[in-house]
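Colleague: So you can see what is in the structure, the chains are spelled out below.
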Amino acid sequence: MADVTLARDFDPLATGGLRRKVRAKTLVYVLLTLFAAFYLIPILIVLLNSFRELPEINRTGFFAIPRSFSVQPWNEALNTFCVVGTCEGIRPFFLNSILMAVPATAISTAIGLVNGYILSMWRFRGSEWLFGFITLGVFLPAQMTLLPWAYILGNAGLTNTITGLVLIHTVQGLSFTTLFCRNYFVNIPDDLIKAARIDGAGFWRIFRRIVLPLSPPIVIVTVIWQFTGIWNDFIYGVIFSSGDKQPITSALIALTAGATSVRYHNVEAAAVLMAAVPPLLVYLFGGKYFMRGLTQGAVK
Amino acid sequence: MSSLTIHDLRKSFGAVEVLKDINLEARPGEFIALVGPSGCGKSTLLAMIAGLESVSSGEIRIDGRLVNDVAPRDRDIAMVFQSYALYPTMTVKENMAFGMESRGVPKADQEKAIARVASLLQIEPLLRRKPAQLSGGQRQRVAMGRALVRDPKLFLFDEPLSNLDAKLRVEMRTEIKKLHHRVAKTTIYVTHDQIEAMTLASRIAVMHKGVLQQFDEPQVIYERPANIFVAGFMGSPSMNFLAARTASLDGAAAVALDLPEGESVLPLPTGTKPQKAPGQPVILGIRPEHFTVAHRAQPGQTALGRLRLPVEVVEPTGSETMVVLRAGDTEITARYEPADAPKVGQTADLLVDMAKACLFDPVTEARL
Ligand SMILES: Nc1ncnc2c1ncn2[C@@H]1O[C@H](COP(=O)(O)OP(=O)(O)OP(=O)(O)O)[C@@H](O)[C@H]1O
Ligand SMILES: [Mg+2]
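These protein sequence lines map, in sequence, to chains A and B. Here the numbering used here is used: the first residue of the first sequence is 4, the next is one more, and so on. Here the numbering used here is used: the first residue of the second sequence is 3, the next is one more, and so on.
The hints are simulated quantities; they were obtained by calculation from the structure and are not laboratory data. Cβ atoms here follow ideal geometry from the backbone N, Cα and C, with glycine treated the same way. Treat the hints with caution; some may be incorrect.
[What the hints assert, rightly or not] A few chain A residues that don't get close to chain B, going by computed Cβ distances all over 10 angstroms:
1. Q75
2. I110
3. M124
4. S130
[Claimed, not checked] Chain A is faced by these chain B residues, among others (derived, beta-carbon under 10 angstroms):
5. A49
6. P74
7. D76
8. Y89
9. L158
Given the sequences, and given the hints that come with them, work out the whole structure.
Modeller: Rendered as structure tokens:
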């Protein structure tokens, strides 16, 4: 498969005279710069504040040019800051998030792959309907699912456990993973499957030897989507976990809403940035494939 | 015992019946071509033989065994697809090994089989490449190789050459023919190219709208087509059809054409018994090569009819020249030696070899 190129056959900027071209290009770049600034400036401010000393922030405010530099806030956020009773920084919650996001991502992706494989290549009477119902979940707001989940977790004895959160995120993610995988697999030519059947391969052998090897682009898309979604989610974390079982996102809330009225802006900033690192890494390593998977069919 | 028998086979998709009462049988080692226009059900029939489509009613037997409900893998067949369907993530060698691997053939035997077929098809240098690194012709070869390694009872081909350019297609056609001579396996070959069918097949099955029109040797299909559809489908340029009526000429059977230039009466070969009373409508079918320029008539040739028709279009192809003539409101194509070709606007003076002409019933369209 060729690399993605963003070159188009038709270049809208290449029409008209030189003056028009220059004007159009300038406009495009100014707009792009504005948008970039719009997204980047808040991150920049948080980053700068994470290295400032607290008295200075209190004196000059959050939106000021830094006059001090210290890595202490990062150290505190990671190791010693007290959140909901324990003073180990955000580390335990970070670990919770990993224990929640990694299995939930892996399981929901794996099931999505099998679902997509069946719904695209082993269609049966009613399979289109089933697919429709599964993807309805994509449009279902999380708030609507809270009560049913409370009921299920309660009955399954999984209230305030990481396993419970893994279950929620796995099931909630299936709509997406199934949708992604099914739509990717329908592009695999039917003849391939027919040839494999004549070659004597069964359901799982075809899946393992023919479909999975074609799947890396969509696996990467699905993993990125699931991992960032699960990691960043906080509604389920806040509602179904408490104390030392919280994932990092809800722990961040606890961190800002501490018992005292003193706000440790610099530590908060450092903690927020640390919490954002894993999705960022996933995206950095998989982003290229993410674009490719979203824009390209399975087999040309 | 025949190696494939199809008895009263039917197939419906929902309410649509795409195959109606198909009866076919292939003798061991035979090469059967399934031809017909697009959508006539050729691929469906092949898929049913392969077990990829279910049977609505009727029987399919391979080597005498009823296989209606046997899974594709247990039918001992191999298939070459129009799209080749090579597994894109596997090398050529892995592609060829996949079927044997699925069947648990020992590694050493796999290697042997692959080496044998690779040298037969001369694809040894390609074994380590992926399908994407092959040209169209090479992919085609590999697809055949994948079918050949398993040494099945029956080969199924679904338009294997239609994705190749014209020159390569002719080469591969010859190659398939040679290959069939060497391996001598029963083969069912779907194509909509009637030249492929004529050159390769020991028998041709012509299909139209899900109905088997005729199943016979190529020469029979060509010379004595069962009906107007078969006559028109086989042969290029197509057979000419003219509305005519039965008549008699000097007491012998003949057909008469009503042309703007006046009535032409063409004698039928001696011995033809008048199948209908004079004056009945019939359709006269004449192939382009059954015209002769009047002054080149061989002495002693009988059953020659004479036609004088205005020339409308002249199409030289190099080795021969096709001339389109106007006969009332129909057009007729006649084949000429390039030297004899008339010019547009002239009147062509032609003899028709009536011994080779066909007569059809205008209502049933069957040959009389
Ligand atoms: N799964 C299906 N559901 C409904 N109709 C189908 C299905 N598969 C094929 N058909 C119909 O059956 C008829 C025969 O199709 P088939 O593919 O066998 O034609 P074909 O002779 O192979 O044509 P071509 O030369 O274009 O390949 C067509 O009218 C097609 O629309
Ligand atoms: Mg077909």
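Colleague: Each hint should be assessed against the structure and marked as holding or not.
Modeller: Here is what the structure says about each hint:
no. : hint : result
1   : Q75  : holds (52 angstroms)
2   : I110 : holds (25 angstroms)
3   : M124 : holds (13 angstroms)
4   : S130 : holds (16 angstroms)
5   : A49  : holds (8 angstroms)
6   : P74  : holds (5 angstroms)
7   : D76  : holds (8 angstroms)
8   : Y89  : holds (6 angstroms)
9   : L158 : holds (8 angstroms)
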